[in-house]
Amino acid sequence: MRPDLQELFRMEKLPHIWCPGCGHGIIMRAIAEAIKESGIDMDKTVIVSGIGCSSRAPGYMNFDTCHTIHGRALAFATGIKLANPELNVFVITGDGDATAIGGNHFIHAARRNIDLNVILFNNNIYGMTGGQYSPLTPTGSKATTSPYGNVERNFDIPTLAIAAGASYVGRGTAYHDKLLKDLIIAGINNKGFSLIEAISMCPTSFGRRNKLGNAAKMLELQKTAAINVKAAQKLPPEKLEGKFLIGELHNKPAPEFTEEYDKLIAKLRKEAEQ
Amino acid sequence: MTVNKARLIQGNQACAEGAIAAGVTFFAGYPITPSTEIAEIMSEELPKIGGKFIQMEDEIGSMACILGASLTGKKVLTASSGPGISLKQEAIGYASMAEIPCVIVNVQRLGPSTGGPTSTAQGDIMQARWGTHGDHPIIALCPATVKECFDLTVKAVNFAEKFRTPVYVLLDEIIGHMREKVILPNKEDIEIVDRKRPSTKPGDYKPYRTDESLIPEMADYGTGYKWHVTGLHHDETGFPTTKPALVEKLMNRLMSKLDKYKEEILLWQEESTDDAEVLIVAYGSTARSALDAVEKLREAGIKVGLFRPITIWPFPEEALARLAANVKGVIVPEMNYGQLYLEVERICKDKCKTSGLFKVNSEPITPDEIIAKVREVL
Chain A
0 MRPDLQELFR MEKLPHIWCP GCGHGIIMRA IAEAIKESGI DMDKTVIVSG IGCSSRAPGY
60 MNFDTCHTIH GRALAFATGI KLANPELNVF VITGDGDATA IGGNHFIHAA RRNIDLNVIL
120 FNNNIYGMTG GQYSPLTPTG SKATTSPYGN VERNFDIPTL AIAAGASYVG RGTAYHDKLL
180 KDLIIAGINN KGFSLIEAIS MCPTSFGRRN KLGNAAKMLE LQKTAAINVK AAQKLPPEKL
240 EGKFLIGELH NKPAPEFTEE YDKLIAKLRK EAEQ
Chain B
0 MTVNKARLIQ GNQACAEGAI AAGVTFFAGY PITPSTEIAE IMSEELPKIG GKFIQMEDEI
60 GSMACILGAS LTGKKVLTAS SGPGISLKQE AIGYASMAEI PCVIVNVQRL GPSTGGPTST
120 AQGDIMQARW GTHGDHPIIA LCPATVKECF DLTVKAVNFA EKFRTPVYVL LDEIIGHMRE
180 KVILPNKEDI EIVDRKRPST KPGDYKPYRT DESLIPEMAD YGTGYKWHVT GLHHDETGFP
240 TTKPALVEKL MNRLMSKLDK YKEEILLWQE ESTDDAEVLI VAYGSTARSA LDAVEKLREA
300 GIKVGLFRPI TIWPFPEEAL ARLAANVKGV IVPEMNYGQL YLEVERICKD KCKTSGLFKV
360 NSEPITPDEI IAKVREVL
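Read top to bottom, the protein sequences are chains A and B.
So the first sequence is numbered by numbering that gives the first Met the number 0: it starts at 0 and just counts up by one.
So the second sequence is numbered by numbering that gives the first Met the number 0: it starts at 0 and just counts up by one.
Chain B with its partners taken away, still in its complex shape:
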């Protein structure tokens, strides 16, 4: 077995390499700070492996383009940041509705609007959940290290393929541009998941029929299955329907299909939570400050722990509720005005005190600020 060398790379590069390691062979994007490096790396690497890169004329076009490519059976990626992610939303909803596997990297910058292109932020948490109109399933993963950018992009591709849903990888500007030493895994050690292809002949194929897995089988365009894809409500044949019973059946399946796989999808990290009296809930680059704060407070004899959701959507609700039952208070530091705090408060408010530490000024939340907040709560 070869041992990979340690390298100093940034989060955006790790995302690009993770995508390629997971089997992504198609990228469409549009230049935007602070995610552009991902497009640049894909433009250089994909043609070397027979893959395709295209710089589209706009953001929604990029999103639409990867969905088209996914329909031919390719694993696909796009990357952007706040304003671009806003523009992609209608096509992301189409991917949810038509169940087209795709991965969207969002390197979050400070909004709203053009905001701060090079400023870090975590303001797209709710956008990731509800950015496109209508109820829909979504998965969002949130790395806190450069290595995790690689690992979670691999996982995002696998989730997209397995569950036929759009998956976000939510970086913040710090994670995207931060360089860390990483040793990336060998190819043979990386788990790769492919979408389920039809088990029936073309004539018998019903593209949206499901078994107990709730995930339909997907034919590649051009393989004779001649199936229809639409963003309209559809029955299991894939053709539009307005019959309330069939619309409801589709919507119920879409909204429950991820529940079935919660054990696999929900990822989180617990640090020093066993005897904790105060729990910090933090994610992305803020979790790094939180971890530092935990270490310093522990040195001072204060029993504090960290709960770091890695899967932000769906939220690891039961795991947090379990911990919240044994602490005096939960603190949520985040670089927004309390987007994930709302979720944490909903889960924890009957069990302990909850409070937020919100900072929206283009600077990261420091360990000292978190320490001060913990002391205030205690």
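Looking at chain A on its own, in the form it has when it is part of the complex:
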């Protein structure tokens, strides 16, 4: 590990529990780099997670950290941020945690445009429980609970977040880790709900069952299937078939919830003084 990043980790808790070839370690490092480069006060930074593989990340990170219950990280984080808006609040969550059991909190935190930096590790599967299909498992893909191929349709997370009201949305991958870091920094700088989808890979529970090859092959797939949104704008639709967009997908500043609430408090105080 880069020596200058060590203070951001609880070094004695490493190595992490993730399987060999898992993309989550790369994404966790990108978060640490983004925090470091952004220059925010690490004593005033809280990292909250739910339940699942990605949600184990805060345990390794040297901040006030909260490993909550399944799906509710955003609700805990909402309480933390609203109670003390001075804090920089990050949420680390997975595809199942955020968009299945936590789907309601996901859309409502976005709707409020509360200043949270959400990094959603998308590995297309419930890894911790051994590989059941999630709302991000592509149609047709195999999982232990879709042995004949997934019959359901999958979400597109950025579209969901934008529709719900997020003011900043980006997507990176474990392969495009520098881009990922830059997107997280941009999310930190956005005063409002920032959603960064981080495409990860789960060779153990998703790749193996769907014959996607080893971790290196899965990373290569991220490289070949991803296309930067700026490049995509210049391409005809047929060239985008089978590709997914990465980069800054949405950046539309909007009034932030805790600031608006503080304005209400100030207004009531003023009225009481008069």
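I should point out that these hints are in silico values taken from the structure, not numbers from a laboratory.
Any given hint could be a false lead.
[As the list claims (entries may be wrong)] Footprint (simulated), chain B over chain A, 3 or more residues, beta carbon under 8 Å:
| # | segment |
| --- | --- |
| 1 | 26-32 |
| 2 | 126-132 |
| 3 | 143-154 |
| 4 | 228-240 |
[To be verified] Restricting the straight-line Cα-Cα distance to at most 25 Å, the calculated cross-link-like pairs of lysine-lysine (DSS-like) are:
| # | chain 1 | residue 1 | chain 2 | residue 2 |
| --- | --- | --- | --- | --- |
| 5 | B | Lys348 | A | Lys43 |
| 6 | B | Lys200 | A | Lys12 |
| 7 | B | Lys47 | A | Lys269 |
| 8 | A | Lys12 | B | Lys205 |
Remember, predicted model here, so these are calculated numbers, not experimental data.
For each residue, glycine too, the CB sits at the ideal point set by N, CA and C.
Using the hints, position chain B against chain A.
Chain B alone, transformed into the frame defined by chain A:
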């Protein structure tokens, strides 16, 4: 000293005012009958004092939200009723496990399921004790008057802070919506308890290390302590462990930490118990009917007394056992099929006859029904 005016307010309002008097500055909730007034009052009052109110998207989100706020050092409250309390349970268990102070007001309505939203009931007694999975500590307080809604909400906040455990205030619909004349205490006369903050520097802080108090010190998020909170079994550093000896150590402490403070936590009222031959054990609005029945029976020369547990969980077992040793029978009227009766029977069955008077039809138990039951037992 200023003397506060007498006011006519309802139980739900007294809960809200009690919470604010105790120092609550954060409320998250979801609308549900018959507790909604508490949320409405908090939404109006909290921003005036720099506090925060949020109406969350669902019940478990409300519970999770107040736990997050509590971690930043705020005193927190939520309020709901049966269906909502059911939905909050997983997060209530998290509060027990991670020892996050919080208060939950449950204005009980008739269940199960949607049941009777505006009907009174006392059907959540066992849910309050065992609603979330696994063994866990809990405190539940049960007011019988509007004034007591205020006083016990203050106490609930203090208990939550001192013992780092979720505390229920268990109203029933009658108590929540009943209006009574109250004179609320002056601010300076209200005892306020704050959680213990760390006595060590951040580097030396072990968030779940305890001394003989059995209650660990709690750092506010954002003050440099950089501690880890989890619902997994954890050691005194706060990090997960699966080692049986450490899991057992944590569970034993959690399950015994309230025992140490029983004298402070256990509250009850005794009325005409000195020479009583029959003892009525009643709580909440049912205790009001029971008290009326006691007065009428005494006028008729029948020696009957009332034992009213104010702390329902943990149950004031020794106090009841003492009284039960000197009576012929104990009667438990309650608006359920005998949830607290089970506890009373366990405590009293070797000492006297026990019987229950159960009513689950959306109407309160009347004094006459209790009188008839007493005559039947005698």
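Status of each hint after checking the structure:
Counting residues of the segment 26-32 of chain A whose CB lies closer than 8 Å to any CB of chain B gives 0, which falls below the minimum of 3, so the coverage claim is violated. Under the rule that three or more residues need a Cβ within less than 8 Å of chain B, the assignment of the segment 126-132 of chain A is violated, with 0 such residues. Given as covered by chain B, the segment 143-154 of chain A fails the check, having 0 residues with a CB less than 8 Å from a CB of that chain where 3 are the minimum. Counting residues of the segment 228-240 of chain A whose beta carbon lies closer than 8 Å to any beta carbon of chain B gives 0, which falls below the threshold of three, so the coverage claim is violated.
For the suggested pair lysine 348 of chain B and lysine 43 of chain A, the alpha carbons sit about 57 Å apart, so the restraint of at most 25 Å is broken. Between lysine 200 of chain B and lysine 12 of chain A the alpha-carbon distance is near 21 Å, which keeps this suggested pair within the 25 Å criterion. For a cut-off of 25 Å, the pair hint linking lysine 47 of chain B to lysine 269 of chain A stands: about 10 Å separates their Cα positions. This hinted pair checks out: lysine 12 of chain A and lysine 205 of chain B have alpha carbons roughly 15 Å apart, not beyond 25 Å.
Violation of the numbered hints given earlier is confined to hints 1, 2, 3, 4 and 5; the remaining hints are satisfied by the structure.
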